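J.: Read off the chains here:
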Amino acid sequence: MKRLWRCHVCNDVHWGNAPPEVCPTCGATNSFVPSDLGEALEIIGRDHPALDDREGVLAAWQWFSDQSPTVRLTAKADEMELLCKGVLENLRTKGQRYCPCRLPTGDREKDEGLICPCNFLRQPTFKETGECWCGLFVRRGTQ
Amino acid sequence: MSGNRLIWFHGRECPHCRKLAPLVDQFEAETGIRLERLEVWHNDENAKLMRSLAAVIAPACGGDLGVPAFYNEATGKAICGGRIDMPKLLAWAKG
Chain A
1 MKRLWRCHVC
11 NDVHWGNAPP
21 EVCPTCGATN
31 SFVPSDLGEA
41 LEIIGRDHPA
51 LDDREGVLAA
61 WQWFSDQSPT
71 VRLTAKADEM
81 ELLCKGVLEN
91 LRTKGQRYCP
101 CRLPTGDREK
111 DEGLICPCNF
121 LRQPTFKETG
131 ECWCGLFVRR
141 GTQ
Chain B
1 MSGNRLIWFH
11 GRECPHCRKL
21 APLVDQFEAE
31 TGIRLERLEV
41 WHNDENAKLM
51 RSLAAVIAPA
61 CGGDLGVPAF
71 YNEATGKAIC
81 GGRIDMPKLL
91 AWAKG
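These protein sequence lines map, in sequence, to chains A and B. For what it's worth, the working numbering labels the leading residue of the first sequence as 1, then goes sequentially. For what it's worth, the working numbering labels the leading residue of the second sequence as 1, then goes sequentially.
Simulated from the structure, these hints should not be mistaken for lab results. It should be emphasised that the depicted structure is a prediction, and the values quoted were computed from it without experimental measurement. Treat the hints loosely; a few may be bogus.
Calculated cross-link-like contacts (lysine-lysine; reagent style DSBU-like; alpha-carbon spacing at most 30 Å) [stated by the list, open to error]:
# : chain 1 : residue 1 : chain 2 : residue 2
1 : A       : Lys85     : A       : Lys127
2 : A       : Lys127    : B       : Lys19
3 : B       : Lys48     : B       : Lys19
4 : B       : Lys77     : A       : Lys127
5 : B       : Lys94     : A       : Lys76
Kindly generate the complete structure, drawing on both the sequences and the hints.
T.: Spelled out as structure tokens, the structure:
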């Protein structure tokens with residue numbers, strides 16, 4: 001079961017079943033200790049910038065695309081803008097940056113799988129067409 | 001609730017839905033068959049209806065509810081996704 005962990009050297013925060021053996025921020029080994037939400041929020045800071053505008057969302061998508069050897073952002077700028085608008089609308093009305101082409105079920109755990117970018121690599125659509133359901137991310141090497 | 005409607009579930013910010021709209025217009029013009037267009041991201045009632053049909057629609061969408069999705073109330077059949085063309089639409093509508 002996932003939980004919060006804190007690096008006792010640099011206060012890096014990790015959410016997962018187990019902490020990283022080597023802290024990705026400071027490089028310390030076996031440095032993580034179980035943490036909790038209050039401590040994590042205190043460390044992160046409640047003024048941590050939100051991804052709640054067009055520039056922030058597009059930058060996050062671009063970052064994801066740039067570091068991925070497998071997929072990249074679509075070259076269709078108009079579709080990207082439309083999806084960005086939809087994701088931000090969902091954040092405003094549904095509380096999360098949900099995919100505008102999928103429908104939340106109301107089951108929180110299941111719906112977490114709809115936050116964009118979702119884990120589209122496992123989806124049949126990506127395997128068949130080389131695109132995520134919306135066409136926002138496409139397999140590298142395709143048009 | 002079931003009837004004889006041919007329903008198109010779509011999302012306002014879904015690019016595939018936007019691209020399919022002219023095809024749906026053409027389908028209606030050529031066949032004289034009207035589809036009921038239900039937007040699911042900005043209309044809770046429509047979303048609720050779509051969720052109630054998840055057992056049929058989700059498998060057609062690759063496992064999760066998605067748009068664009070087409071549901072035929074008379075036959076209980078659904079098709080889903082951005083690669084729908086006129087032959088597929090005709091086959092779905094006519095059962």
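J.: Report the numbers of all earlier hints that the structure fails to satisfy, in ascending order.
T.: 5
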